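Working from the sequences, and respecting the hints, build out all of it.
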Amino acid sequence: MVKENLKVIYNKQIALDTFEMKLETLNMASFAKPGMFINISLNDASKLLKRPISICQIDNNHLIITYKINGEGTKILSTYQSGTSLEAIGPLGNGFTLVENKKTLVVGGGIGVPPLLELSRNLKKLGNELVIILAFRNKEAMIYLDEFKKLGEVAVTTDDGSFGFKGNALDYLHNNNIEFDTLYSCGPEILLKKLEEKYQGFEGYLSYEARMACGVGLCHGCVKGEKHYCVCTDGPVFKLGVIYGEC
Amino acid sequence: MANVRVKLPGLDLKNPIIPASGTAGFGEELASIYDLSVLGGIMIKATSVNPKRGNKTPRVAETYGGMLNSIGLENPGLDVVINEKLPFLAKYDTCVIANICGDSIDEYVKVAYEISRVDNVAALELNISCPNVHGGGIPFGADEETVYEITKRVKEASIKPVYVKLSPNVTDIVKMAKAAERGGADGLSLINTLLGMRIDLKTGRPILYNKKGGFSGPAIKPVAIRMIYDVYEAVNIPIIGMGGIATVDDCIEFLMAGASALGVGTMNLVNPYICKELVEELPLALAKYGFKDINECIGYAHRK
Chain A
1 MVKENLKVIY NKQIALDTFE MKLETLNMAS FAKPGMFINI SLNDASKLLK
51 RPISICQIDN NHLIITYKIN GEGTKILSTY QSGTSLEAIG PLGNGFTLVE
101 NKKTLVVGGG IGVPPLLELS RNLKKLGNEL VIILAFRNKE AMIYLDEFKK
151 LGEVAVTTDD GSFGFKGNAL DYLHNNNIEF DTLYSCGPEI LLKKLEEKYQ
201 GFEGYLSYEA RMACGVGLCH GCVKGEKHYC VCTDGPVFKL GVIYGEC
Chain B
1001 MANVRVKLPG LDLKNPIIPA SGTAGFGEEL ASIYDLSVLG GIMIKATSVN
1051 PKRGNKTPRV AETYGGMLNS IGLENPGLDV VINEKLPFLA KYDTCVIANI
1101 CGDSIDEYVK VAYEISRVDN VAALELNISC PNVHGGGIPF GADEETVYEI
1151 TKRVKEASIK PVYVKLSPNV TDIVKMAKAA ERGGADGLSL INTLLGMRID
1201 LKTGRPILYN KKGGFSGPAI KPVAIRMIYD VYEAVNIPII GMGGIATVDD
1251 CIEFLMAGAS ALGVGTMNLV NPYICKELVE ELPLALAKYG FKDINECIGY
1301 AHRK
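Residue numbers (my numbering), protein chains in the order written: chain A, 1 to 247; chain B, 1001 to 1304.
Because the hints were derived from the structure by calculation, they are not lab data. This one's a predicted model, so the numbers in the text were calculated from it and none came from an experiment. Some hints here could point you the wrong way.
[To be verified] Pairwise CB distance ranges, derived in the manner of DEER restraints:
| # | chain 1 | residue 1 | chain 2 | residue 2 | range |
| --- | --- | --- | --- | --- | --- |
| 1 | A | LYS193 | B | MET1197 | 22 to 30 Å |
| 2 | A | LYS227 | B | ASP1012 | 24 to 32 Å |
| 3 | B | ASP1012 | A | THR79 | 44 to 52 Å |
| 4 | B | ILE1159 | A | GLY201 | 32 to 40 Å |
| 5 | B | LYS1007 | A | LYS193 | 48 to 56 Å |
| 6 | A | ASN5 | B | TYR1034 | 12 to 20 Å |
| 7 | B | GLU1233 | A | ILE14 | 56 to 64 Å |
| 8 | A | GLU140 | B | MET1197 | 32 to 40 Å |
| 9 | A | ILE9 | B | THR1171 | 34 to 42 Å |
| 10 | A | ASN43 | B | ILE1159 | 44 to 52 Å |
| 11 | A | LYS227 | B | VAL1038 | 45 to 53 Å |
| 12 | B | PRO1087 | A | LYS227 | 45 to 53 Å |
[What the hints assert, rightly or not] Within a straight-line C-alpha distance of at most 25 Å, the following computed DSS-like cross-link-like pairs (lysine-lysine) qualify:
| # | chain 1 | residue 1 | chain 2 | residue 2 |
| --- | --- | --- | --- | --- |
| 13 | B | LYS1056 | A | LYS227 |
| 14 | A | LYS194 | B | LYS1292 |
| 15 | B | LYS1211 | A | LYS47 |
| 16 | B | LYS1110 | A | LYS47 |
| 17 | B | LYS1221 | A | LYS47 |
| 18 | A | LYS193 | B | LYS1056 |
| 19 | A | LYS47 | B | LYS1212 |
| 20 | A | LYS227 | B | LYS1211 |
| 21 | B | LYS1212 | A | LYS239 |
| 22 | B | LYS1276 | A | LYS75 |
| 23 | A | LYS3 | B | LYS1276 |
| 24 | A | LYS47 | B | LYS1056 |
| 25 | B | LYS1202 | A | LYS47 |
| 26 | B | LYS1276 | A | LYS68 |
Think of the CB as a built atom: it goes at the ideal place given N, C-alpha and C, for glycine as much as any other residue.
Right under this line is the structure:
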């Protein structure tokens, strides 16, 4: 982990309430792995806490983060123009464990999709075959479909049926029997919980989200699971079964 | 560059900067970020006899210029703290202040007796003010006689100096400070968090699972300064000041109000490097305001 002032290269809307921000880093990007996150300041003393945002893409000394406006903080973040300097610490947390030469199922839900892009690129490089399910509320919220199509077989679901399969990722999995060796997922907690239940005993890596303060294990504000794991330092990626399973 | 070494009972601090209890765990996480030996001291997470799971989540929420927490004194219990956590801190050249908590006076006494006998514990901080534990927090810190009684009993059990951490959630903190002094406290630390609450407008319910939580961060600084100022006038024991310290100028302000050492809490959660940065900046800042020695700055605002 390092603390740096990151320079905004661009900050653009890519879908409904969803923004992509490219940041120039000094060294931070060189330590980043898929599934890790950064804690980014809002340059606003009234919004004290840094915002934990997952890393969507790693490109040499640049990081791309993709976030959805979900409150006052992310709304402020969306207003920053290129050239703005934002203090951040990172990369934080544990990334995804990467398998090789396997059949992998990648399931993304909503704003849980971004970290799966860098993951999927890495999985493909490692000789894995990818089946990717991307679940969104509606067509307007859809992101990165073209990018994922380059990496594997993609199915899109929307709650309202405005694009692809009508329903959510779990409905899709219920209707389609997909064989795989390893599961990767990031999305709403209910999705991750159901996946842990459905695929008990499978190898899988799930990235959880939590209301977080420090991001570095100091405050224990973001604990989850029976053993009160810190999502920030023990996660955000947990092995399937750790949060809602038996082990 | 001004001298920053300061001496308090049991605490020969190379500088006054101390991460406050509950924002530095047992030092393990911070130690992976910087060398803990740069710190004057470290206040470990409140320790009870048995492990505590803490409250359910959400247990943090942001507020204007601060935050709420209702962690609920989560800790691994006395045995683990003594056998695993404190030995880790022995590797560092910094004063360890063991924060202790309990649901009864007997529990405080037991923790104090045992933890004070650990070699690398320099002093105890008696947490009588955490607002989060039902039956354990507010009642101890909000009643003069109880403050006196618990301080006296813990002092009898401890072989190390005892600092009583006062709650701001009282009508008159000076009365509590005097009661602790009467009970034999070697020093005071103040202030703990203010009791607060936020409601989520989307759900129409409190954000924190525990509904209420401790309000901390830069927003509470004026309350802390006022209380330290008042207590400094009323007691003859040193004060470890805390409550919203975010910058080196804040450090100077707390010293001027009457603090002899400085607890930095919430800002560790915003910038985990903050204590190290304050240690580096303080000698120059003291010099900038005309002080050759930190001891000249302590209580400076009270001069006639």
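* For which of the previously enumerated hints does the structure constitute a violation, in increasing order of number? -> The structure breaks hints 2, 4, 9, 11, 12, 14, 16, 21, 22 and 26; every other hint is satisfied.
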